[in-house]
Amino acid sequence: MKFTLRWLKEHLDTDASLSEITDKLTAIGLEVESVTDPSQVLAPFIIGAVTKCGPHPDADKLKVCQVDTGAGTVQVVCGAPNARTGLKGVFAPPGTVVPGTGLHLKNAKIRGVESSGMLCSEKELGLSEDHQGIIELPEDAPVGSAYAAYAGLDDPVIEIAITPNRQDCLGVHGIARDLAAAGLGRVKTPAPKVAAGSFKSPIGVERRLGENDDACPLFVGRYIRGVKNGPSPRWLQDRLRAIGLRPISALVDMTNFITFDRGRPLHVFDADTVAGGIHVRLSRGGESLLALDGKEYDLDDSVTLIADDDGPLALGGIIGGESSGCSDDTVNVFIEAALFDTVRTAMSGRRLGTLSDARYRFERGVDPDAVFSGMDLATQMVLELCGGEPSEIVVSGDVPQWEKKVDFRPARVHALIGLDVPEDESLAILESLGFEAQRDGARLVMSVPSWRRDIDGEADLVEEVARIRGYDSIPITPLAKERAVTRPALTPEQRRRVTARRVLAGRGLNECVTWSFMPKRFAELFGGAQAELTLLNPISADLDVMRPSLLPNLVSAAARNSDRGLGDLGLFEAGPQYAGTRPEDQSMVLAGLRRGQAVPRNWHGKARDVDAFDAKADVMAILEELGAPVAKFQVSADTPVWYHPGRSGAVKLGPKTVLAVFGELHPRILQALDCAGPCVGFEVYLDALPQRRRDGSANRGALELNAFQPVDRDFAFLVDSDVESARLVAAALSADKKLVVDAVVFDVFAGAALGDGKKSVALRVTLQPAGQTLTEAEIDAVATKVVDAIAKATGGALRS
Amino acid sequence: MTMQNPQEIQDELIAAAAGADSLDQLEQVRVAALGRKGRVTDLMKSLGSMSPDERRAAGPAFNQLKDAVTAAIEARREALEAAAIDARLRSERIDVTLPARPEQQGTIHPVSQVTEELIAIFADMGFELAEGPDIEDDFHNFTALNMPPEHPARQMHDTFYLSEGGEDQRRLLRTHTSTVQIRAMTSRPPPHRLIVPGRTYRSDSDMTHTPMFHQVEGLVIDKTTHMGHLKGCLIEFVRAFFGVDDLPYRFRPSYFPFTEPSAEMDIGCSRDGGELRIGAGDDWLEILGCGMVNPRVLENCGIDSTEYQGFAFGMGIDRIAMLKYGIPDLRAFFESDLRWLRHYGFSALDVPTLSGGLAR
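Protein chains in written order, with the numbering used here: chain A, 1 to 800; chain B, 801 to 1160.
Chain A on its own, in the form it takes in the complex (with noise of 0.2 Å):
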């Protein structure tokens, strides 16, 4: 919402200044966007009269002007076609900054001759795109004054961004309204003068809109003979140019005026132009309006029509239509002051794709008491501006029921604010905003003034009180903590994302954040992309469905990333991803990705790509330091279609429970993602870790020293190639249960001696005797139930 300064002062008797206005606006909710003042930036330029023009001896185009400035002469050079002896124009000295072209002046020579300034066009001067030529002033502008005050520039322009719930403030009059309620001034609007009607309007109106009475619940019409229209007075045309409007002609910017000035559409029929009566109805199927933005609207069967016997005319509360507009040549009109409904507006607005002013103020809400006051400043302007006679007034419809009371407990006010403000404080505000406060004994109800639509509730009059009064005045109370020492503000489980991020980031990996959403035919490969995932209204075809995986984003990422020579990464992310539509449906999951070398050439030893046990060295650092119980999990090889099937591996706590996924990416996903080189991930699913204890205590236990020193047995072991190693660990352990403490595989390997089908697996395992160091004999006698025991699990013998 823009306006100007004297316009404001036209509704509002103020000494304020302009920052005092301004400061006020922001303070009271009316938050001020910019301050414009052209008389600012136009300051330096001055009417200037052109005493002798002559031509340039070197150039045909140019004139070589003598401009009397009004403190002497100087000579200008000057391509306007226009230029000549006696002209008056707008005079720039060396020095200023052309507002319209960035250009800094100097004294220069132009093709040999000096030039001391420069007469100016309006789009210089940044008032116009017009460049035709110099700007041409009467004969009678005074030489040597300021231009921008001599062509009223001279008024500081406004602009100020109006929330939802603030219609009332879409007119010059309510802001001047919330201004003198905050103590700057008093409202000085005049009244409009109701005209009286000397004859019938000889167009009638019916609103046939049946049971969607509500679309336009009133329709207040006039008709005006023997106007005569045209450019509107100087004073309107620079009030609406001030605003960013352009001036039509006398009849259209009337209406513009009193939406800007009162928040109040209006609309004007060339009434000649109306065939028959005017009917309010829906919109039919198929019917369309060439409205006045020269576009072409199609129409169902919802939008509010002004229509005559012949069709549409306008789009209630949005746009006229250009068959029935004013131009020039119109003689009699049809006025128009009406009450739309607030969502149909916004509805069809919105289908349409209709911006308008009238638009922006019904979806909103206008204020349905002020329909008659409209309709009389709009006949007192036409005949004041265009002349003419006006008929009585046609009425179809009533004023709908908008009274409205609301309780008032004025003690509410500091309870919800914690700023005492005294009784009669609180309602004289409420009043000045036209509130009125009836006792009901020791209720006090305040009746909502009709342009307040917003006001819903107590809570709603406690704004207003502290609004007016000033959030500043608000004290600052310190929120009281209930202990003195911090408690934890976050549940186990959150803070095991926090610190997985971190064990990640630790271990090389770069933390990312990508969309939730990824497009379909990833989805698809990832086992997602159900109806139910998918967007109606996505921002993009590469992003219509809900990520059933957090791999396809950070394969595509590190693609981009390789394109760019970046191909050896690390990219983590820890993030929702979503297997359907309910809560419990989304699940928070930890991913990674590497890619290209896990070692990079060096000259201590071998460059190295990733593979498998890079996740799984991932997966299992950040199980482990989530207190995972490491020692109990199972490591298989049945995971997700988008692994390599004999390269990767899922980690589980016991037979259903997977904690996570890890290994090389199949090669088909990559392809498909257009990521090329070796790459690896992992998913690690951070809902399924066991929760931990709860029960407070962080006792670990005493620490049991054993006096006896470990002792160590390798073993090599030749099996089919075939058995997982875990096979052998496993039985290992088991094979004496007290003494085996550990078992780790230290090498594996397969080769043409060993013969067809056949691996060695080298084990150590550790030994660790209670009650006295082992003899040998006993460590000899442990190490063949071990031997024996692995050959049972696994056939496997032992390599002498």
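Source of the hints: derived by calculation from the structure; they are not laboratory data.
This structure is a prediction, so every number in the text was calculated from the model and none was measured.
A couple of the hints might just be wrong.
Label-pair ranges, simulated between beta-carbon atoms [stated by the list, open to error]:
#1 A:52 x B:1008: 52 to 58 Å
#2 A:657 x B:1083: 54 to 60 Å
#3 B:1008 x A:750: 31 to 37 Å
#4 B:901 x A:657: 33 to 39 Å
#5 B:986 x A:726: 45 to 51 Å
#6 A:196 x B:1099: 48 to 54 Å
Within a straight-line C-alpha distance of at most 25 Å, the following computed SDA-like cross-link-like pairs (lysine to any residue) qualify [stated by the list, open to error]:
#7 A:656 x A:638
#8 A:404 x B:1106
#9 A:481 x B:1158
#10 A:520 x B:1131
#11 B:866 x B:806
#12 A:606 x B:1002
#13 A:616 x B:1085
#14 A:656 x A:725
#15 A:606 x B:900
#16 A:616 x B:904
#17 A:61 x A:136
#18 B:1023 x A:483
#19 A:520 x B:1002
#20 A:616 x A:483
#21 A:606 x B:896
#22 A:24 x B:1048
#23 A:520 x A:481
#24 A:520 x B:1005
Sample of chain A residues with no beta-carbon within 12 Å of chain B, all distances over it, derived [stated by the list, open to error]:
#25 298
#26 323
#27 526
#28 726
#29 789
Even glycine gets a Cβ: it sits at the ideal position worked out from N, Cα and C.
Got chain A; can you put chain B on it based on the hints?
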């Protein structure tokens, strides 16, 4: 055999020790002097055949001689050992300018880091973390928050929908984390003091908007919390978060359907030379929206609004991360460009705490 002059023996042995040029040679000198058949040993043995008077004169002299020879041998040994170590160290020299074995440092994303900072500050004011689902329904995202169907504010939200259907069935992506207010208030009784960081979605995409972004919601509900507490809490937050103790602020009246009275909070800044600086300056920067929870929202959650009241606030996590750390482009947050992640990311051990500092 005539006895050699002890002084000559001493001189010869000391010269021999000094002349030894290896530890082996020195050992030979030592054996020849102090071994079982060494010359000093012999000399000492000769004391036994002396008269008491002779012995009294020769004893101390011989002992002195033995000490002198022993000391000379030891001194030479130390010198030879030092030389040997020096020689070894010279031979073991490496090029220390060569690089160490390669290691990679990873990073934490600014959204995670800033979320942890927020949690640290609000935890200290007694807030707990709460979370809720991204896929929501009309009730939690709009209706319960005092935005009934066709409420104009619903338009401003540019909602992503997952399915058609009526109020009850229609699924959407939450447009704000305020949904979790409703989930919290409908699942357990007041009092509440919660913050809710999380992903939010709006179908908007340009220089300053992305279809997904992060918000943190705050909620305090009890019997006494008023707007003065809201101010106290949020002033304390912005000053702690930005690390500017005298950070100017202002609260402006605003409008949100779910709060009444509503406010927006601005903080002071300057934009000299195009560079934004948070702190005292001649300009204001909008930082968050807040207000007293609308009684209708409380009633929608089954809370008696005549007994309970409180405030709520919401702000963009990405936005405050950009402001604090001078990150220019929101869209880059979600592009996973390694160069960006390394530049704007945080070290694994840079854990924000109030005691150690939020930013190091």
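For residue 520 of chain A and residue 1002 of chain B, compute the direct alpha-carbon distance and say whether it is at most 25 Å. holds (19 Å)
Would you check whether the claim that residue 323 of chain A is not at the interface survives, using Cβ distances to chain B and the 12 Å cut-off? holds (31 Å)
Hint consistency between residue 1023 of chain B and residue 483 of chain A [alpha-carbon to alpha-carbon, up to 25 Å]: holds (18 Å)
Is the hinted pair residue 520 of chain A and residue 1005 of chain B satisfied, with a Cα-Cα distance of at most 25 Å? holds (20 Å)
Could you see if the CB distance from residue 196 of chain A to residue 1099 of chain B stays within 48 to 54 Å? holds (51 Å)
Classify the label on residue 726 of chain A as holds or violated, using whether its beta-carbon is more than 12 Å from each beta-carbon of chain B. holds (29 Å)
Taking the minimum C-beta separation from residue 526 of chain A to chain B, is that value above 12 Å? Consistent with the label, residue 526 of chain A stays out of reach of chain B, its closest Cβ about 18 Å off (over 12 Å).
Next pair to validate is residue 404 of chain A with residue 1106 of chain B; report whether the Cα-Cα distance is within 25 Å. holds (21 Å)
Assess, step by step, whether the Cα of residue 656 of chain A is no farther than 25 Å from the Cα of residue 638 of chain A, and give holds or violated. holds (12 Å)
May I ask you to check that residue 789 of chain A keeps its beta-carbon over 12 Å from the closest beta-carbon of chain B? Since the minimum Cβ distance to chain B is about 39 Å, residue 789 of chain A lies beyond 12 Å and the statement holds.
Could you tell me whether the CB distance from residue 52 of chain A to residue 1008 of chain B stays inside 52 to 58 Å? Given about 55 Å between the Cβ atoms, the range holds.
Assess, step by step, whether the Cα of residue 606 of chain A is no farther than 25 Å from the Cα of residue 896 of chain B, and give holds or violated. Between residue 606 of chain A and residue 896 of chain B the Cα gap is close to 20 Å, so the pair holds against 25 Å.
Hint violations for this structure: numbers 3, 12, 13, 20, 23, all remaining hints satisfied.
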